[in-house]
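Each protein sequence line maps, in turn, to chains G and A. Here the first sequence is numbered in my numbering, starting from 1 and rising by one per residue. Here the second sequence is numbered in my numbering, starting from 1 and rising by one per residue.
Errors might be hidden in some of the hints.
Same chains, same names: a pair is fine if it fits in one copy or spans any two.
[To be verified] Here are the simulated lysine-lysine pairs, DSS-like style, with alpha carbons at most 30 Å apart:
1. Lys197 x Lys242
2. Lys317 x Lys197
3. Lys242 x Lys487
4. Lys549 x Lys242
No lab work stands behind these hints, which were simulated from the structure alone.
2 protein chains.
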Amino acid sequence: MPRLRLALGQTNPLVGDFAGNSEQILDAARRAHAQGAELLAVGEMAISGYPIEDLASRPSFLAAARNAVVALAERLHEEGLSELPVIVGHPDGPFEKRSEVTSNAPTAIAQNCASVLHRGRVIARYAKHHLPNYSVFDEFRVFIPGDELLVLGLKGVDVAVIVCEDLWRDDGPVSRVLETDAGLLVVVNASPFERDKDEVRLPLVNRRATEAESVVAYVNIVGGQDDLVFDGDSVVVDATGKILARAPKFREHLLVVDVEVAPPRHATLPPNTNRVEISPDPVAAEAAPLPRDVAELPDDREQLWNALVLGTRDYVKKNGFRSVILGLSGGIDSAVCAAIAADAIGAENVYGVGMPSRYSSEGSRTDADDLAERIGLHYTVEPIADLVLPVETQLKLTGIAAENLQARIRGIILMAESNMHGHLVLTTGNKTELSVGYSTIYGDSAGGFAPIKDVPKTLVRELALWRNSIAVSSGSTPPIPDNSITKPPSAELRPDQLDEDTLPPYDVLDGILDAYVTRALGREDVITLGYDAETVDFVTRLVDGAEWKRRQGAIGPKISGMAFGRDRRLPITYRAG
Amino acid sequence: MPRLRLALGQTNPLVGDFAGNSEQILDAARRAHAQGAELLAVGEMAISGYPIEDLASRPSFLAAARNAVVALAERLHEEGLSELPVIVGHPDGPFEKRSEVTSNAPTAIAQNCASVLHRGRVIARYAKHHLPNYSVFDEFRVFIPGDELLVLGLKGVDVAVIVCEDLWRDDGPVSRVLETDAGLLVVVNASPFERDKDEVRLPLVNRRATEAESVVAYVNIVGGQDDLVFDGDSVVVDATGKILARAPKFREHLLVVDVEVAPPRHATLPPNTNRVEISPDPVAAEAAPLPRDVAELPDDREQLWNALVLGTRDYVKKNGFRSVILGLSGGIDSAVCAAIAADAIGAENVYGVGMPSRYSSEGSRTDADDLAERIGLHYTVEPIADLVLPVETQLKLTGIAAENLQARIRGIILMAESNMHGHLVLTTGNKTELSVGYSTIYGDSAGGFAPIKDVPKTLVRELALWRNSIAVSSGSTPPIPDNSITKPPSAELRPDQLDEDTLPPYDVLDGILDAYVTRALGREDVITLGYDAETVDFVTRLVDGAEWKRRQGAIGPKISGMAFGRDRRLPITYRAG
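The task is simple: from the sequences and hints, build the whole structure.
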């Protein structure tokens, strides 16, 4: 069977940074060429970043994207790389509006494309057929679907090209690849991380390979973009579904692999197929064999941790920050956020502030000190008692108002330090708190990025234990004080307060929230799982009532199948059953 | 020609309040029956409220909606109203998922329907064909499109029924109504207010009437739901496009009108048409003539004001608040918000707080006092100097950090009063500020609802003048002090500060923002309008850089074609050109 040396470039684009994104692709092409690759593919929208949201409806943005694709083809040619065909994802347009709508609403004018660059020109283009419009995706809003197949004739074999969602649909263009007789199917993707998504994604790739009787090359982008974390994990499987090569998750990588590709057996193509001959030459003589490049899949906790670290690092860097600041309470949430931040951008760029009140226990102060020392971050202490008292006295505050005041004074301190020194404020709330509204808006929720907003409290604890265990096994200092992990959670806004005075135990609470929020079950179905009806009603009422707070919350990395944000769109004004 | 007495019920539903929404429809049916109506139609999703967003993917919500429709049919029967056919909008499902998607993402399981209730039963159902998925709408995300036509045989005439967006598409089912030979087309709608939308909506209704050679009855819901304000404006036009009846905007109304309906001329129907015979009886003998009910269209400023008032009132009431609180600076924004709030829920439920700092001018204090007295709202003064100083001193704050601190202490005061007394906090920022980020996050932006967030500064001024002039002409006290309208805008966060020290003059700024934000033009196109390139770049950079703040902002009533929120979806992490 003919052999093809294939390269997949797992790049980390930034939305709108056409120059920087192109430079990454060019770098991948240089390295692919140096290794003798005969075809390079990079991810969906690798030129523009993904998701571009309503930027897809701006003709100026589309013009810039088109220029960037043409310029990249020319740069490849100038650098002597133009014999290497490069498949690159990009938005294209403007095209005629999808349909006659009498309103003045902006409608889709763009397509989500993969183009082939060769000998200094754009020689072929494929437009994505299936536009995901569920979960975090709004593609039907901004893109016009394509309806043609693309097949490249390359060194005696046929290569079909599709984009992301096209692979997921049984009724999609992937079902016609068998008819095209292509021996290699290249899928360019921008597929964000979700816990356990590998368990769906890799079997899908395998299934498609066997269905299409074709090698499948799946290339994904990597990196954080707002609340999404693209995890890479690009993979090549043979026609039996066997993994030939696999890129590491959560970092940039160039995956190069030799694949045996079956040549086409008959000459006819299915209707609506665009076949472009790139080079009629047979595959070159045997090159030196490549080292096997199959990354190990990290375990669940390592994947989650790395997703949070990458999401945080890329939010900081891509938005032009150099440092972060966060409040350190001595509790587990702020400790885990500090450890994530230090892993993301280095402890030397992390600023922690202890803000003890009259209700803060001695233990909390010690735990915060201990954390700062273990991680080696910058640490200052700003007691809040003298700042809280004048407000409390002048306004005669009691109860919840007085409790929230403390959290809001802390928010003021962090925002003031941010304004003085340019740090990004991290807010340390977890998904459980966010679900039930157990936080003070404009107080502890203040900040530009929320590293653990999609991590339930029980999982925060598991991740803390995991991160410490990794430190132990590598001989370094565990970052998180044991005491922060083991002591009962408390907001410490009044004397001897414990979270469980107000909320169900966290294992019960997280179980109900997993069912009601993440799996979107109804009340009856949650109760059927074995939870007490009264507790379920209490929790679901809290969740529904906290929607207004969540709408005003910072973004943070999505790691679950249902993160707060555009993944879960519900009204604020709503009377529950 | 046969005559039909037709009633359109312009109800104000609340999302999820099936009992309350049904009660409104029942009340409309009672009144319609009393006036001899032979057909009643209410709006799209009048049973459930609109938009229901991802509630459409909850089987429990759909079951509740289905039960509510059945229960309404039974109630109508029990009350002796069941000879009156009622067309009611509601979600229906769960149905099979739209397509085989291998991911576990929730996909549409519901349809957006209009059902016909008669003699205690649901006798016919129409499912919306065209699902708007642009602007604020996400219907393709949550609904499965229908593909059948519905024609009702009623007293010798044929009545076609469609839903909202179906009317807007030239290629939609409306194009087949002529073939059905229906003499009356009933369109049930949930169409939110936008400035100048009448100029599109009514001509569309007229055009469809003449195209279909049919009377068109357009019934819309009314009321605020989160950031949308449904404006009613239900209308009936004859087959030449002449207005026969029109409901007032921005309030509930039952519109009853006698229409001459052409009987069907031939017996065949287009394919995929469901014809349901309701009653073969001819139209009843002449009843007493109805008074002409054609509401005057209010002028532009009155419409805008009423939209803001209704949006604010319904947010307050539907979320269970009884009172609001806001800071009164003496400036025009807080003055206009106070006047809107007083018009919405009565001055006796509005609490104003003056929070002067050492930089507040004597004039500002006097203007705030004056405003409070003119409106007759509750007014207290909380000087902030003694609260700001301890923080400023302890943290050694200067510059922007010290300026923001003042705004944040004010935010703390309002939130503390809200926590003590249960008031909803209104935040008073206008669209211009929000566009360029000229506000302090967690400071003056703190609050649950933002009445003027979609109103540019120059329009705030026009509305203030309009509201005062209305007061003058009705002989009451103009609510807004002249001085608040005429003095140069200032944030008063440092001595002698004026907005125009930092920003371009507001007429220039609002012109650029209208082009860049509301009309979504690119940089070059904005400059072509005659604006200075450097100013355009300055402004667009500010707009792009303020996205993170806007994401954390309160919701407020949409009045423009492009409001911040789900109307305009852009990344935070983004490198512009």
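Here is what the structure says about each hint:
{"no.": "1", "hint": "Lys197 x Lys242", "result": "within (19 Å within a copy, 58 Å between copies)"}
{"no.": "2", "hint": "Lys317 x Lys197", "result": "within (26 Å within a copy, 43 Å between copies)"}
{"no.": "3", "hint": "Lys242 x Lys487", "result": "neither (47 Å within a copy, 74 Å between copies)"}
{"no.": "4", "hint": "Lys549 x Lys242", "result": "neither (47 Å within a copy, 48 Å between copies)"}
Violation of the numbered hints given earlier is confined to hints 3 and 4; the remaining hints are satisfied by the structure.
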